[in-house]
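The primary structure of each chain is shown beneath.
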Amino acid sequence: MPAIQSPATDEIHPDVALVERAKQGDTAAFEKLVRQYERQIFRVAQHITQNREDAEDITQDAFLKAYEKLDQFQGNSKFSTWLVRIAVNESLMRLRKRKTGKTVSMDEDVQTEDGSIPRDFAEWRPNPEQLYGQHELGDILRKTIQGLPPGFRTVFTLRDVENLSTEETAEALGLSVPAVKSRLLRARLQLRERLTRYFRQKNGVPKP
Amino acid sequence: MTCTDFLSQLTDYFDGQIDPALLAEVQAHICECHHCEVVLDTTRQTIAIYREHEIYEFPTELRERLHAAIMTKCRGAS
Numbered sequence: 037m038p039a040i041q042s043p044a045t046d047e048i049h050p051d052v053a054l055v056e057r058a059k060q061g062d063t064a065a066f067e068k069l070v071r072q073y074e075r076q077i078f079r080v081a082q083h084i085t086q087n088r089e090d091a092e093d094i095t096q097d098a099f100l101k102a103y104e105k106l107d108q109f110q111g112n113s114k115f116s117t118w119l120v121r122i123a124v125n126e127s128l129m130r131l132r133k134r135k136t137g138k139t140v141s142m143d144e145d146v147q148t149e150d151g152s153i154p155r156d157f158a159e160w161r162p163n164p165e166q167l168y169g170q171h172e173l174g175d176i177l178r179k180t181i182q183g184l185p186p187g188f189r190t191v192f193t194l195r196d197v198e199n200l201s202t203e204e205t206a207e208a209l210g211l212s213v214p215a216v217k218s219r220l221l222r223a224r225l226q227l228r229e230r231l232t233r234y235f236r237q238k239n240g241v242p243k244p
Numbered sequence: 505m506t507c508t509d510f511l512s513q514l515t516d517y518f519d520g521q522i523d524p525a526l527l528a529e530v531q532a533h534i535c536e537c538h539h540c541e542v543v544l545d546t547t548r549q550t551i552a553i554y555r556e557h558e559i560y561e562f563p564t565e566l567r568e569r570l571h572a573a574i575m576t577k578c579r580g581a582s
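Line by line, the protein sequences are chains B and G. This note's numbering numbers the first residue of the first sequence as 37 and each following residue consecutively. This note's numbering numbers the first residue of the second sequence as 505 and each following residue consecutively.
Hints in this document: simulated from the structure, not taken from any laboratory. Where a beta carbon is used, it is the ideal one built from N, C-alpha and C, also for glycine. One or more of the hints may lead you astray.
As the list claims (entries may be wrong) - Taking lysine to any residue and the SDA-like style, the derived pairs with C-alpha atoms no more than 20 Å apart in a straight line are:
| no. | chain 1 | residue 1 | chain 2 | residue 2 |
| --- | --- | --- | --- | --- |
| 1 | G | Lys577 | B | Gln60 |
| 2 | B | Lys101 | G | Val542 |
| 3 | B | Lys179 | G | Thr576 |
| 4 | B | Lys68 | G | Gly580 |
| 5 | B | Lys238 | G | Glu558 |
| 6 | B | Lys68 | G | Val542 |
| 7 | G | Lys577 | B | Lys179 |
| 8 | B | Lys179 | G | Arg567 |
| 9 | B | Lys238 | G | Val542 |
| 10 | B | Lys238 | G | His539 |
| 11 | B | Lys68 | G | His538 |
| 12 | B | Lys114 | B | Ala65 |
| 13 | B | Lys59 | G | Thr564 |
| 14 | B | Lys105 | G | Ala552 |
| 15 | B | Lys179 | G | Thr564 |
| 16 | G | Lys577 | B | Lys135 |
| 17 | B | Lys135 | B | Asn87 |
| 18 | G | Lys577 | B | Leu54 |
| 19 | B | Lys68 | G | His539 |
| 20 | B | Lys105 | B | Arg57 |
| 21 | B | Lys105 | G | Glu558 |
| 22 | B | Lys68 | G | Thr564 |
| 23 | G | Lys577 | B | Val55 |
| 24 | G | Lys577 | B | Leu100 |
| 25 | B | Lys101 | G | Thr576 |
| 26 | B | Lys105 | G | Ser582 |
| 27 | G | Lys577 | B | Lys114 |
As the list claims (entries may be wrong) - Coverage of chain B stretches by chain G, computed from C-beta distances (three or more under 8 Å per stretch; other residues unrestricted):
| no. | region |
| --- | --- |
| 28 | 64-74 |
| 29 | 77-90 |
| 30 | 98-112 |
| 31 | 116-129 |
| 32 | 172-183 |
| 33 | 195-204 |
| 34 | 212-223 |
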């Protein structure tokens with residue numbers, strides 16, 4: 037009976053070769069990585085800071101920092117997770133600068149349960165896309181996520197918008213897996229509660 | 505299962521990482537508790553709507569300008 041070859045389970049990510057080449061000074065290889073992740077990094081920075089100019093600066097700074105510290109990247113995690121971590125740190129630093137005297141960290145807002153306990157049990161009917169046009173829907177989604185505390189917003193962005201795994205999110209934020217899960221639950225429930233104000237089933241005009 | 509127990513399982517439920525015995529309890533709870541059924545459905549929609557809509561534009565002009573600026577900085581640093 038012929039031996040069944042099992043497929044390689046640990047395929048090498050294509051970024052690994054690009055990172056190796058970039059470490060040797062190949063800027064074209066690094067440019068490919070920039071091209072691949074610039075949209076994601078910009079989106080993460082904009083979600084956290086809620087400010088386009090800050091997001092532009094952070095995207096530039098994050099890639100420059102990654103380029104300068106490439107030797108420190110050990111390859112224990114994905115390059116993209118490492119890059120996101122740099123961008124998150126830059127973004128939180130930017131928020132701290134903006135809100136002088138007010139702390140902004142991944143640890144804040146965890147003590148309060150406010151807003152995380154479901155209170156509104158209205159169904160969303162018709163569905164939001166039927167209820168609002170694209171432009172209006174975009175405004176609602178931006179306004180709603182803006183109202184989340186930065187720590188929750190950051191976890192939600194990485195896990196649910198960028199689709200990082202719970203483990204990758206934990207790694208990118210320097211948090212434990214249970215801490216990510218707890219923040220994620222509260223972030224999702226708070227967003228759900230706030231969106232229900234717009235999307236709730238109601239006879240007549242939906243109440244904002 | 506109480507509503508509080510249900511909420512505590514929500515993240516694992518969405519991630520498909522819930523223990524099979526607990527999954528049966530969650531499903532039974534949803535069948536008998538309309539509020540939790542709504543929370544489950546609208547939370548699922550919350551995740552989907554943010555995942556499906558690109559809420560911040562990243563126009564080509566901005567992308568090219570940023571890209572050029574990043575590469576200029578990196579080349580200057582090397």
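Outcome of the hint check:
Taking the CA atoms of Lys577/G and Gln60/B, the gap is near 18 Å; set against the 20 Å cutoff, the hint holds. Taking the CA atoms of Lys101/B and Val542/G, the gap is about 45 Å. The hint is violated against a cut of 20 Å. Between Lys179/B and Thr576/G the alpha-carbon distance is near 35 Å, which puts this suggested pair outside the 20 Å criterion. Distance check on the hinted pair: Lys68/B and Gly580/G sit about 17 Å apart at the alpha-carbon level, within 20 Å; holds.
About 27 Å separates the Cα atoms of Lys238/B and Glu558/G, which puts this hinted pair outside 20 Å; it is violated. Restraint check for Lys68/B and Val542/G: not satisfied, since their Cα atoms lie roughly 44 Å apart, outside the 20 Å limit. Note on Lys577/G and Lys179/B: the hinted pairing is violated, with a Cα-Cα distance of about 34 Å set against a maximum of 20 Å. Taking the CA atoms of Lys179/B and Arg567/G, the gap is near 24 Å; set against the 20 Å cutoff, the hint is violated.
For the hint linking Lys238/B to Val542/G, the alpha-carbon distance of about 15 Å falls within 20 Å, and the restraint holds. Among the hinted pairs, Lys238/B with His539/G is consistent with the structure: their alpha-carbon atoms are about 17 Å apart, no more than 20 Å. For the suggested pair Lys68/B and His538/G, the alpha carbons sit about 50 Å apart, so the restraint of at most 20 Å is broken. Of the supplied pair hints, the one linking Lys114/B and Ala65/B holds, its CA atoms being roughly 16 Å apart against a limit of 20 Å.
Using a Cα cut-off of 20 Å, the hinted pair Lys59/B and Thr564/G is violated, with the two alpha carbons roughly 28 Å apart. Between the alpha carbons of Lys105/B and Ala552/G the distance comes to roughly 35 Å, so the proposed pair goes past 20 Å and is violated. Restraint check for Lys179/B and Thr564/G: the C-alpha separation of about 24 Å exceeds 20 Å, so the hint is violated. At most 20 Å may separate the alpha-carbon atoms for a hinted pair to count; Lys577/G and Lys135/B exceed this at roughly 28 Å.
For a cut-off of 20 Å, the pair hint linking Lys135/B to Asn87/B stands: about 13 Å separates their Cα positions. Annotation: proposed proximity of Lys577/G to Leu54/B holds, straight-line Cα distance about 19 Å (limit 20 Å). Simply put, Lys68/B and His539/G have alpha-carbon atoms about 49 Å apart, too far for the 20 Å limit, and the pair is violated. Between the alpha carbons of Lys105/B and Arg57/B the distance comes to roughly 14 Å, so the proposed pair stays at or under 20 Å and holds.
The hinted pair formed by Lys105/B and Glu558/G fails the criterion: a straight-line CA distance of about 30 Å is larger than 20 Å. Under the criterion of a C-alpha separation no larger than 20 Å, the hint pairing Lys68/B with Thr564/G is consistent with the structure, at around 17 Å. Our distance criterion of 20 Å between C-alpha atoms is met by Lys577/G and Val55/B, whose separation comes to about 18 Å. Using a Cα cut-off of 20 Å, the hinted pair Lys577/G and Leu100/B holds, with the two alpha carbons roughly 7 Å apart.
The suggested pairing of Lys101/B with Thr576/G holds, with an alpha-carbon distance near 13 Å, which does not exceed 20 Å. For the proposed pair Lys105/B and Ser582/G, the alpha carbon gap of about 11 Å is at most 20 Å, so the pair holds. For the suggested pair Lys577/G and Lys114/B, the alpha carbons sit about 24 Å apart, so the restraint of at most 20 Å is broken. For a cut-off of 8 Å, the count of residues in the region 64-74 of chain B with a CB near a CB of chain G stands at 5, and the three-residue condition holds.
Using a Cβ-Cβ cut-off of 8 Å, 5 residues of the region 77-90 of chain B lie near chain G, which meets the minimum of three, so the contact claim holds. A stretch counts as covered by a chain when three or more of its residues have a beta carbon under 8 Å from one of that chain; for the region 98-112 of chain B and chain G the count is 4, and the coverage holds. Counting residues of the region 116-129 of chain B whose beta carbon lies closer than 8 Å to any beta carbon of chain G gives 0, which falls short of the minimum of three for the stated coverage. Given a C-beta distance limit of less than 8 Å, the hint that chain G covers the region 172-183 of chain B holds, as 5 residues qualify and 3 suffice.
Figure legend: the region 195-204 of chain B, annotated as covered by chain G; annotation consistent (4 residues with Cβ-Cβ distances under 8 Å, at least 3 required). Counting residues of the region 212-223 of chain B whose CB lies closer than 8 Å to any CB of chain G gives 3, so the stated coverage by that chain holds, three being the minimum.
Checked against the numbered hints above, the structure breaks hints 2, 3, 5, 6, 7, 8, 11, 13, 14, 15, 16, 19, 21, 27 and 31 and satisfies the rest.
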